[in-house]
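Visitor: Letter by letter, the chains look like this.
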Amino acid sequence: MLLAEEVGARVTAAACAQCGLPVPAGLLEAGAPRQFCCAGCRAVHALMDEHGRAHEHGLDRQRAARSSWAPARPGDRRYAELDDPGFQARTCRRGPDGLLATELYLEGVHCSACVWLVEKLPGLLPGVVEARLDLSRSQVLVRWDPGVVRLSAVARQLRALGYAPHPRRGMRAEEVRRREDRVALARVGLAGAVAGNVMAIAFALYGGMLNGMEPEFAAFFRWASLLLALPSVIWGGGVFFRGAWTALRLRALSMDLPISLGLLAGFLHGAVNTVRGTGEVYFDSVTALIFLLLFGRYLLRRQQRAAGDAAELAASLYPSSARLLEDGQAREVPLEALVPGALVEVRAGELVPADGVIVAGQSTVDASLLSGEPVPVAVAAGDRVHAGTLNVASRLELRVERTGEDTRVGRLMTLVEAHARRRAPIVQLADRISGRFVAAVLVLAAATLLLWVRVDPARALDHAVALLIVTCPCALGLATPLAMSAAIGRAARGGFLVKGGDVLEKLTRPGRMWLDKTGTLTEGRARLVRWCGDVSARPLVAAAEAHSSHPLALAFLEALSGEPRSRDMVEIIETHGGGIEARVGERSVIVGSPAFVESRAKEVVSGLATEVDVLVGAGLTPVLVAVDGRVVAAAGFGDPVRGDAGAALARVRGLGWRLGILSGDHARVVAAVGAGLGLEPAMCRGGVSPEGKLDVVAAALAQGPVVMVGDGVNDAAALAAATVGIAVHGGAEAALAAADVFVMRPGVTRIAELLDGSRRTMRVVRRNLAFSLGYNVIGVGLAMSGALNPLVAAILMPLSSLTVIISSYRARTFRTAKDGEAPTCR
Amino acid sequence: MFILLPVALLFSAAALGVFLWASASGQFDDLETPSVRILHEDDEPPGR
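Chains A and B supply the protein sequences, listed in that same order. Read in order, the letters of the first sequence correspond to residues 1 to 826 in the numbering used here. Read in order, the letters of the second sequence correspond to residues 1 to 48 in the numbering used here.
Accuracy of the hints is not assured; some may be wrong.
Ranges of calculated distance between the beta carbons of each label pair, as one might list FRET restraints [what the hints assert, rightly or not]:
(1) A:E216 x B:R37: 25 to 33 Å
(2) B:R37 x A:W223: 21 to 29 Å
(3) B:A8 x A:G86: 25 to 33 Å
(4) A:G86 x B:R37: 30 to 38 Å
(5) A:G123 x B:F2: 56 to 64 Å
(6) B:F2 x A:R763: 19 to 27 Å
(7) A:G577 x B:L31: 30 to 38 Å
(8) B:G17 x A:A101: 47 to 55 Å
(9) B:L31 x A:P564: 27 to 35 Å
None of these hints come from the bench; they were simulated from the model. Glycine included, C-beta positions come from ideal geometry on N, C-alpha and C.
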C-alpha cells in the first residue's frame, strides 16, 4: 500500500517549571514532565522538590545532581589556555590584596536562580573569594586567590554547574566605555542638583517679582544662581557646545547647534544682567534644560549600549582554543597559537578551529552557517573542512592549512569590517529639522530686535534674547532620543536587540529586502517532510536509527518519536556516506541513500522508483527504506519553510517592500521555496556564495534602501553592507556582530513586527517633534509680543518636555512580554 | 537669609558628592541583578 503523508513541524512551547520563563527551543526535552529554561532552574527545582525549599545541605546534593544533568556537550574541556600568563595579563586585574579578578561571559544564564547558583561559587571552590553575576549581561566577575586555585579550575567548576564560561574579549574597550558611562551619569547628577537648587532660588525670585523684594536679596539670589549655574553650563553644557562646534566645522547639521545657541544666549544674558543688576535672568530655564537634555541622552546611550553589549557577548562564544596533537597527545592551545601544518583534534560537537584537510576519522560536518546548505555533509580522510563549521558526528584529526584571518571565515570577516566602516551614517530626522530650525529662530530673533527697536529700544535686546531662550529646543532635543530609547527598551523586552536609533528610522523607508533561506525562512535543519510507502516499516526504522548519530537519523527519530518503536534486539552496520543496515529482531532493515539501498535490495515496490525523482524535484533529500530485501518506502528530508513565513512576508510586502531570497542552497530548492511563498522568480537566487550575496546587496544599494535578513557567517558581509542588517534567532556570532538588529525569538513574523514597531516609533518621534515645535511657536509668539518673562519661560519649558516624555513612554511601539505574550518571571 | 542659603546649598552639595561617589564606584552599572540578589537566603550567618 502506498501512502503519502506530510509530517508536520512539531513545535512545542513550554514554560520553565521553576521560574515560568519560556524555555528556549534548544533545551526542550521531548516527553519530560517538566521543562526548564536553564541549568540553574533545573538544579534549584530539584532541590526545592526534595526539601520543600533550598537549604544549607543543598550544595552537596546540588553538585551530585548537577553532574548527572550536565548537558551532553563536548565535555572535559580543560580551559588550560586561561592559565596562560599572557592571557591573564590581558584580561585579569590584580588587586592590592594579591587577588586576581576577571570577568567571564556565561552561557545559559537566564533568571534569578542562576544568580543564586553562580554566586555560590566561593562555597564550592576554595580560593574563590567572590563571584558576582550581572544578570542583564550574563557576565560574572570572579575574584580568586591565584595561590590557592587556578582560573582554569574556576572555569571547569562553572561549566560543571551548567554555565559554560567564555573569556571576555575587548576588556579594555569595555572598561573605557564603562568609565564614559559613569562620567555621563555624574554629569546628569550634577546638572540635576544644580537645576533643582536654581529652581528653588528662582521660586523666591518669582515671589519677589509678584510681591516685591528687598533689592539686596534679589541681587544675592541672582548671584547665587549665577554661581550655581556656572558648573552646570560649563561641564554639563560643554557636551552640547563641543557637539555644535564639531558640527559647525564639518558643516553638518546637528541638534546641538540650536541647543547651544539657546543655552549660551540664556546664560550670557543672565550673567550680564546679574552684573548690571537689572533685567531678566533665565538661569532656572537654562539649568533645567541642561539637566533634561543630558538625562535624555544618557537614557538613549544606556539602551543602545545594552543592545550592543549583548551582541558583542555573543561574539565571545567563538572557540578561543584548539586541541593540538603532539606525539599522540592532545593539548589545548589558544587559537592564535595554531600554525599551518599543525595537527589538531576536533571532537564531535565542536567547531572546526581552522581550515584544513582531514587526516584521520570520518564524520558529518554541518556547514549551514557557512554555506547555507541545510543537510550536513559526510566527510572522510582527504576532505577539506573550513573553520567555523560544526563537526557533528565523531572525532576528526585535521592537518591545518590556514588559520585566523586567512581562513574562509576570516576573509569574510575582513569583508564585513570593511563594509561596516564604509557605511555612511544617515542624517536623522531631528538633525535635518535642526538646520531649518536654527535659520528660522535667527530670522525671528532679528525680526524681534528690529521690531522692538522702533517701539522700545531699551527692551529690544531683552525680547530678542528671550526668544532665543524660549525656542531653545529642549523638547525638540528630547523628542528623538526619548522616543528612540523608550522604543529600543521596549524592543529589547520584546526580543529585538536594536543597536541604534537610526536603524528604526531606516526601517520605515521601504526598499528591497533580501532574505536568507536556511535558518531564516526555514529552521535550518533537516526534517522528515514526506514519507511514501508502507507505514508498518516505521517502527523498524525508528529502532534501527536510534543507534546512529547521523543528522538524518536524528531527524527520523524526531519525526517518529510519537510512534511505537520495535523493541527487538538491534544490530547495525553503518556505512559512512551511504546508510545503515540493521537487524531488528528477525527482520533486516536497510535505510540510506537511493544508490546505497538499491545496490543491496532485491526488489522495489512499484511507484517508489519514480517517487525518488519526485522528491529530488521538490528539493528534498531522498532516503529509501528496505525491509527484508524489499524497498518498501521512500522518505524525503528537507528543511521546511517556517509555518509563519507566508503570512509574515505578505505583511512585509503590504508595507511596500520588494522581497527576494539570497541563498547558498541549490537553485531548485530556492526556487521551490520562493514559489511557495509567492515571490517573483527573478528575485529568488540560489547557489549564491557569501561574496555573491555581498555583491547583490551592494548593487541593489544604488537603487534605494536594502535590508538584508540572515543568520549565517555567509550572510555577514551582506548584513554589514546593507542599509540595515537583521540577524535572526539562532544566528552565528559573526552575523550578530555585523547586523544592526538581532532578533532573539524564532519566526519570520518577527521581521514584520520589527517593521511595524519601527513605523510606530517614527510616528512617536514625529508626534514629539510636532508637540515641541508647537510649544516653540507659542513661545515665539509670546517673545515677539514682549509678553515673555522668566516665569512664563520656566513654565512653558518643562511643560513641553513633560509632554514629550509622557508621549514617548506611553507609546506602545513594540509588543513586550508585559503585553501578555509570554509569562513573566514569578 | 544670607546664611540660610549657603547652608542649604552645602547640604545639596553633600548629597551631590554622595551621588558622584556612588556613580564613580560603579553602583549604577548594574541596575537589575541586585534586586534579585536580595531574595537569596544566606547559607551562613552574616558577619564572618
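Visitor: Decide, hint by hint, whether the structure agrees.
Guide: Hint check results:
{"no.": "1", "hint": "A:E216 x B:R37: 25 to 33 Å", "result": "54 Å, violated"}
{"no.": "2", "hint": "B:R37 x A:W223: 21 to 29 Å", "result": "47 Å, violated"}
{"no.": "3", "hint": "B:A8 x A:G86: 25 to 33 Å", "result": "56 Å, violated"}
{"no.": "4", "hint": "A:G86 x B:R37: 30 to 38 Å", "result": "34 Å, holds"}
{"no.": "5", "hint": "A:G123 x B:F2: 56 to 64 Å", "result": "59 Å, holds"}
{"no.": "6", "hint": "B:F2 x A:R763: 19 to 27 Å", "result": "53 Å, violated"}
{"no.": "7", "hint": "A:G577 x B:L31: 30 to 38 Å", "result": "54 Å, violated"}
{"no.": "8", "hint": "B:G17 x A:A101: 47 to 55 Å", "result": "27 Å, violated"}
{"no.": "9", "hint": "B:L31 x A:P564: 27 to 35 Å", "result": "53 Å, violated"}
Hint compliance for this structure: hints 1, 2, 3, 6, 7, 8 and 9 are not met, and every other hint is.
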